[in-house]
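Engineer: Okay, here's what each chain looks like letter by letter:
2 protein chains.
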Amino acid sequence: MKIQQLLEKKELHPYLLKVRYGMEKESQRVTLSGDLVATDYPETLGNRTHHPYIQTDFAETQMELITPVTESIPELFRYLAAIHDVAYRSMDAEEMLWPLSMPPALPEKDEEIIIAKLANFEDVLYRRYLAKTYGRRKQMVSGIHFNFEFSDTLIRKLFEAQTEATDYQQFKTDIYLKVTRNYLHYRWLITYFFGATPTSEARYFVDEKGPEEPVRSIRNSMYGYKNHEDVQVTYATIQAYLADIDRMVEEGKLSEEKEFYAPVRLRGGKKVADLADAGIRYIELRNIDLNPFEKYGISEMQVECLHVFLLFLLWKDEGTDADAWVAEGDEKENIVTLEHPLKPTVFIEEARALVAELAAFIDKLALPVSKNLIADLEEKLASPEKTLAGRLYLASQQTSQKELAVTQGKIYHDHAWERPYQLAGFRGMELSTQILLFDAIQKGIQVEVLDESDQFLKLKVGDNIEYVKNANMTSKDNYIVPLIMANKTVTKKVLASAGFRVPAGREFDDKEAALQGYAEFAEQGFVVKPKTTNYGLGISIFKDGASFEDYQEAVEIAFSEDTSILVEEFLPGTEYRFFVLAGETKAIMLRVPANVKGDGVHTIEELVAKKNEDPLRGTDHRAPLELIQLGSIEKLMLKEQGYTVESVPEDGTIVYLRENSNISTGGDSIDMTKEIPEAYQKVAAAAVEALGAVICGIDLIIPDKNRPADEPGAYGIIEANFNPAMHMHMYSYQGQSRRLTMDVLNLLFPEVM
Amino acid sequence: MKIQQLLEKKELHPYLLKVRYGMEKESQRVTLSGDLVATDYPETLGNRTHHPYIQTDFAETQMELITPVTESIPELFRYLAAIHDVAYRSMDAEEMLWPLSMPPALPEKDEEIIIAKLANFEDVLYRRYLAKTYGRRKQMVSGIHFNFEFSDTLIRKLFEAQTEATDYQQFKTDIYLKVTRNYLHYRWLITYFFGATPTSEARYFVDEKGPEEPVRSIRNSMYGYKNHEDVQVTYATIQAYLADIDRMVEEGKLSEEKEFYAPVRLRGGKKVADLADAGIRYIELRNIDLNPFEKYGISEMQVECLHVFLLFLLWKDEGTDADAWVAEGDEKENIVTLEHPLKPTVFIEEARALVAELAAFIDKLALPVSKNLIADLEEKLASPEKTLAGRLYLASQQTSQKELAVTQGKIYHDHAWERPYQLAGFRGMELSTQILLFDAIQKGIQVEVLDESDQFLKLKVGDNIEYVKNANMTSKDNYIVPLIMANKTVTKKVLASAGFRVPAGREFDDKEAALQGYAEFAEQGFVVKPKTTNYGLGISIFKDGASFEDYQEAVEIAFSEDTSILVEEFLPGTEYRFFVLAGETKAIMLRVPANVKGDGVHTIEELVAKKNEDPLRGTDHRAPLELIQLGSIEKLMLKEQGYTVESVPEDGTIVYLRENSNISTGGDSIDMTKEIPEAYQKVAAAAVEALGAVICGIDLIIPDKNRPADEPGAYGIIEANFNPAMHMHMYSYQGQSRRLTMDVLNLLFPEVM
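Those protein sequences? They're chains A and B, same order as listed.
Going by UniProt numbering, 555 is the number at position 555 of the first sequence; the sequence numbering is gapless.
Going by UniProt numbering, 546 is the number at position 546 of the second sequence; the sequence numbering is gapless.
Keep in mind the hints are simulated off the structure, nothing from the lab.
A couple of the hints might just be wrong.
[What the hints assert, rightly or not] Coverage of chain B stretches by chain A, computed from C-beta distances (three or more under 8 Å per stretch; other residues unrestricted):
hint: 1; region: 158-170
hint: 2; region: 515-522
hint: 3; region: 583-591
hint: 4; region: 605-617
[Stated by the list, open to error] Cross-link-like lysine-lysine pairs, in silico, DSBU-like; alpha carbons within 30 Å at most:
hint: 5; chain 1: B; residue 1: K18; chain 2: A; residue 2: K543
hint: 6; chain 1: A; residue 1: K460; chain 2: A; residue 2: K543
hint: 7; chain 1: B; residue 1: K460; chain 2: A; residue 2: K543
hint: 8; chain 1: A; residue 1: K511; chain 2: B; residue 2: K543
hint: 9; chain 1: A; residue 1: K493; chain 2: B; residue 2: K10
hint: 10; chain 1: A; residue 1: K511; chain 2: B; residue 2: K682
hint: 11; chain 1: A; residue 1: K10; chain 2: B; residue 2: K10
hint: 12; chain 1: A; residue 1: K493; chain 2: B; residue 2: K682
hint: 13; chain 1: A; residue 1: K493; chain 2: B; residue 2: K493
hint: 14; chain 1: B; residue 1: K460; chain 2: A; residue 2: K460
hint: 15; chain 1: B; residue 1: K10; chain 2: A; residue 2: K458
hint: 16; chain 1: A; residue 1: K458; chain 2: B; residue 2: K157
hint: 17; chain 1: A; residue 1: K10; chain 2: B; residue 2: K511
hint: 18; chain 1: B; residue 1: K117; chain 2: A; residue 2: K10
hint: 19; chain 1: B; residue 1: K18; chain 2: A; residue 2: K271
hint: 20; chain 1: B; residue 1: K132; chain 2: A; residue 2: K458
hint: 21; chain 1: B; residue 1: K458; chain 2: A; residue 2: K270
hint: 22; chain 1: B; residue 1: K511; chain 2: A; residue 2: K543
hint: 23; chain 1: A; residue 1: K476; chain 2: B; residue 2: K458
hint: 24; chain 1: B; residue 1: K458; chain 2: A; residue 2: K682
hint: 25; chain 1: A; residue 1: K157; chain 2: B; residue 2: K493
hint: 26; chain 1: B; residue 1: K476; chain 2: A; residue 2: K511
hint: 27; chain 1: A; residue 1: K458; chain 2: B; residue 2: K18
hint: 28; chain 1: A; residue 1: K157; chain 2: B; residue 2: K18
hint: 29; chain 1: A; residue 1: K18; chain 2: B; residue 2: K511
The structure presented is a predicted model; accordingly, all values stated were derived computationally and were not measured.
Quick reminder that beta carbons are idealized off the backbone N, C-alpha and C, glycines included.
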């Protein structure tokens, strides 16, 4: 059965566009004025020998960003976005990525192009060999390698729907070989649309002359980095392909297989030999120039176009002579690459026919692709200035290609730095998870989101897998610990029996017993609360005791929230949140209710607006601090103090807008880690140890932090939290930032930190 | 300030009855016909060298039950109840506890009274010494030791309210000394009320003559087990008390301190020397005879009476000469113990005055004691036949004391065996927790309920503390594991990436995407369900595919329950629950929907009633199986099969009353652990390991258990549960019982199991 008939089968329809994508994208690191940097690969990035996301290509300045394998365009771009964010914010803030495939102005002397300082000496040697064989300047060109794999389900369904082929692996290999041959035959069309290297910058062409006129793609042309002409490989069968490469390595035309640099590379496993055993698993398109108009070097539409084009190439008949078919493609590619970017291609008629055929194919198979995909291609055919090379060349005419590159580069750079606590691609997740993902990517820990809305991550280094939920719920804590902390009574019993001071108190299951208990609490400060408190509902605080009537009312309020209530002594003092990890207090936070500080000039409303300008403030827990509101609660609070929003507080006067100190209602987070004596830090850490916890946010009331911590009543522990907030410590309103996510990662993967 | 004034202070009121109780209760093990057993201490009980709850006293047949320290009467009786339940069900079912203090008929020969076979040779030697000094028969008497401690808060508040005493420890010691002297002085009153050893059984008096008439308390009389007369100790001061004991040990009148056997023992720490260092911490009343009319040997009213009496004795003035005061009490005790149980005491007037004074004391301090406490005492004074000795003697007259003891003993024995899956005292807790508590007590693991409604336990052996919630949530699992299992998508991803078969499927967050996915599922059996399922709501199963309309409806139903839904392939086969613990499948359960088996004679209604007679069936998860209902769902199900409740199904016909197989709706639990081949057991254990779990209930669909487990499609994993039910495996409807709670304890405390 012919492949067309197979692809048209109804039961295959759900699987036609199922796919696996991966992308490698090289860029030169440059200064904000567009000069090649002199700095090394950023130290903040983990060990680059094993870094899965951020590598160095040929030169030390040439950063290579690598996505994991993804199964959709949104997923691919989420990783592109995140890895770019991490790359930018791991470099010096005065560095950026050059958005063009052609390198920025190169140094005068060859040796000033610094070969990547890799730890593995073989890797360095190989680069030295390349430098010698092809010249360092040629190696400075960057581009995108697009790894493409049809979903195995699709190929399996195709296999099952036919009868001729009996070996699945061979069937699969043949599919990729056909697509490869067709791609090589038709790739000039991709070059027409997406070629984006019309001209070069200073000192790229030194040893040879470049093209005299602007072109569509220097990089893919005879002027690009290519194997020597005597390197020729057949794509007729996988055996012949491998034999050709082996022969050329033997003959010394290639130093090793990986020197074979073709527009499409057949991929099986890690080594070329795996192809012989396992067949082709996916293909790597290497002819994609960086798109300077896109912050990640390629657009989603480009990826979709490539995808549907590759499926089309599987469907489309090919020439009978494999080598001739590929050779014909090479010839056309040589022509198209060197055409003027603003002129139509000489193959315009064939191009139109191909796009029409592609459109018909999409219709026939009812592929759910973007509506304007075909229209966009048709427009590019009609107007060469709409092609990438055309756009880039035209735009460069107004100033220079360099200036355009700098402008675009800075836009992308600024975008990455705008909200440094967020991670592009993952902004829908909780802030702490975004920061943890950032740090993991930075340190070269493989990340996978298992469930986005559940904040569930899989992290991996080598064979070591760790799962993390909500940024600090991990395998390092044991199961009973959060259950202890979720139960206030149990927490208190455990802490008390370990000798820590907790508020004395009792639990009551019925109102009568609670009322009988009045005498025990009447004379001192006490708190009545539901056993399980949500958002502080149902709590009554009597700082200096209460009448029986008030007590009775408080008991009734508490019972309206829960079937059990607690009556506890009130502990006066300041509440601090201690963040304890692996036996150590890592951060201490004081939370202050929403407030503004008067200057004798501005109204409260103006002061709030000014304070809200802080980029750390946002809404909905997507920023480390929340915007201060001026709602009814705040206005009432102002009124009670004799203010309105129009009042102008005196210089230095602090005006509080809230009674509660929650960060979520505009409170300020103040890091106090240095200010709280070590003895208290040890108390907190020891209490957490008594609870058996590894990660814990524990709240201590401290009347006077200058009193010795071992004095009676020096502290009281009022709560222990098993999934403590971290972002407020990491981006505090005042005081030092504490990078707790790094501590979490260090706990999980000490080997890479 | 005088103690009366202190006790009357208003601020002390909440603390007056705060207390710590502990009880040790000895009983002889006898056959169901009341003969001393010949068996050893039950092997099912853990190591008795360290057993905190169930020990052996002098003889191998003499079981000693020990409660932990408790803080209220209900708590004390909950432990008494539980420890009795465990003791009964750890002995042979043909053994019981003799309910009298006086032993059952003793053997003819002394050496047939077997000294407890303790591991520690010193303990055996001491018993041999006692046998020689006092005779084995004397040692066979049993009784209750009541440990009593005023709450430290009460004593501290008393101390703070006065000014004379300056040393807290001395103050406390003096309080207990005063109570002790008064108790010794007035203890004849307790003997009058609660003495319960009027006569002895055969061969108790062999070497000496017993009383000729029935008495109130042989045990507390000169005929009981007493030190020799030359052992005399003063209670004037703690120093003098200790000096007296030291002197008598030196003079050889006592072999060691613990041989000093007084009605009240002063307790400080483990050794008497601790008294010198730490003062008196509590006192131990040793003069309480077993109450044969109470299943635990003492009533709650008795405990309350003793408690309030001891507080009264603290309040009440004493004689100025300490030794004379005590000696006077001894004399009266000697008289009252030997009075006829049906006659008034000669001290009736003093007794009446004391009770009146006690009543006035209760009134004055407004103590919240039982309303009929005083009336009950007054009645006993007026009618000696209402005293325990009187009641016992009178009742014995009708048959014999032995027969009465056997009758009472059997009632208590049967009570303990009635619902062997429950644990008396803890019946409000979940069944699995009750069983775990039973096993822990049996094995000598210290138990503490930290939160009853939350099923939160603290278990302890030596310094090793483990917390357990819901019977199998422990520290042995790590925190991330239950979070993985709580998320179906994450569970499937983790299992699939480890190579296990899970139903293929997709998660959808919006209806449109879900509807687009139709084609992927249309042709095969599939299931549509909300991501988070509660009680099976919102699930649609299409065993052979579905029309788009049906699919659409199913999607809408699922989205009405959750914001995310799953569409998964339907796996045909039988569902088995594998209970895996520490890498091993411990039990496999098949759950069958509620059903009855016809016999050609009875109606369905009758068959249901008959099946419900099984003591394993109950309601509300307080039994391993639930009662089968005949509600509207069951009637509808019958109707669909052409039955009514009046139908008489043919012999052997199984009639199902439910579609779902939940145990909670009357389903049957069938143990299949032996029937399922090992290969499947290993798959389940390996899948649980892949999830990282130590304890897990994992559900496998197996189309044919006789197919090799490694064949494609031999199984599919549909769910993993992090707090799997255990009681259904332990008390299954059919098949072998699997004592999973023992496995849990073995995981936590391998050293004691």
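Engineer: Now look at each hint and say whether the structure bears it out.
Structural biologist: Now for the hints, and whether the structure bears them out:
Only when three residues or more bring their CB closer than 8 Å to a CB of chain A does the claim for the region 158-170 of chain B stand; here the count is 0, and the claim is violated. Evaluation of the coverage hint for the region 515-522 of chain B: fulfilled, as 4 residues show C-beta separations to chain A shorter than 8 Å, against a requirement of three. A count of 0 residues in the region 583-591 of chain B with a Cβ less than 8 Å from any Cβ of chain A is obtained; the coverage claim is therefore unmet, three being the minimum. With 0 residues carrying a beta carbon less than 8 Å from a beta carbon of chain A, the region 605-617 of chain B misses the three-residue requirement, and the given coverage is violated.
Proximity of K18/B to K543/A is assessed by CA-CA distance (about 26 Å); at most 30 Å being required, the pair is judged to hold. A hinted pair counts as satisfied when its Cα atoms are at most 30 Å apart, and K460/A with K543/A does not qualify at roughly 51 Å. Pair hint K460/B plus K543/A does not hold up; C-alpha atoms about 38 Å apart against a cutoff of 30 Å. A C-alpha spacing of about 53 Å is found between K511/A and K543/B, which places the hinted pair above 30 Å, so the restraint is violated.
The suggested pairing of K493/A with K10/B holds, with an alpha-carbon distance near 29 Å, which does not exceed 30 Å. Simply put, K511/A and K682/B have alpha-carbon atoms about 53 Å apart, too far for the 30 Å limit, and the pair is violated. Between K10/A and K10/B, the direct Cα distance comes to roughly 88 Å. Violation of the 30 Å bound is thereby established for this hinted pair. Taking the CA atoms of K493/A and K682/B, the gap is about 40 Å. The hint is violated against a cut of 30 Å.
A C-alpha spacing of about 39 Å is found between K493/A and K493/B, which places the hinted pair above 30 Å, so the restraint is violated. A C-alpha spacing of about 37 Å is found between K460/B and K460/A, which places the hinted pair above 30 Å, so the restraint is violated. Taken as a hint, the K10/B and K458/A pair is broken in the structure, with Cα atoms around 61 Å apart against an allowance of 30 Å. Taking the CA atoms of K458/A and K157/B, the gap is about 56 Å. The hint is violated against a cut of 30 Å.
A C-alpha spacing of about 22 Å is found between K10/A and K511/B, which places the hinted pair at or below 30 Å, so the restraint holds. Of the pairs offered as hints, the one joining K117/B and K10/A is violated, with about 82 Å between alpha carbons and a cut-off of 30 Å exceeded. Using a Cα cut-off of 30 Å, the hinted pair K18/B and K271/A is violated, with the two alpha carbons roughly 78 Å apart. Straight-line distance between C-alpha atoms of K132/B and K458/A comes to about 72 Å, which puts the hinted pair past the 30 Å bound.
Our distance criterion of 30 Å between C-alpha atoms is broken by K458/B and K270/A, whose separation comes to about 53 Å. With a CA separation close to 53 Å, the supplied pair K511/B and K543/A exceeds the 30 Å bound. A C-alpha spacing of about 21 Å is found between K476/A and K458/B, which places the hinted pair at or below 30 Å, so the restraint holds. Straight-line distance between C-alpha atoms of K458/B and K682/A comes to about 26 Å, which keeps the hinted pair within the 30 Å bound.
This hinted pair checks out: K157/A and K493/B have alpha carbons roughly 22 Å apart, not beyond 30 Å. A threshold of 30 Å between alpha carbons decides the hint, and for K476/B with K511/A the separation of about 38 Å lies outside it, so the pair is violated. Using a Cα cut-off of 30 Å, the hinted pair K458/A and K18/B is violated, with the two alpha carbons roughly 53 Å apart. About 77 Å separates the Cα atoms of K157/A and K18/B, which puts this hinted pair outside 30 Å; it is violated.
For the hint linking K18/A to K511/B, the alpha-carbon distance of about 20 Å falls within 30 Å, and the restraint holds.
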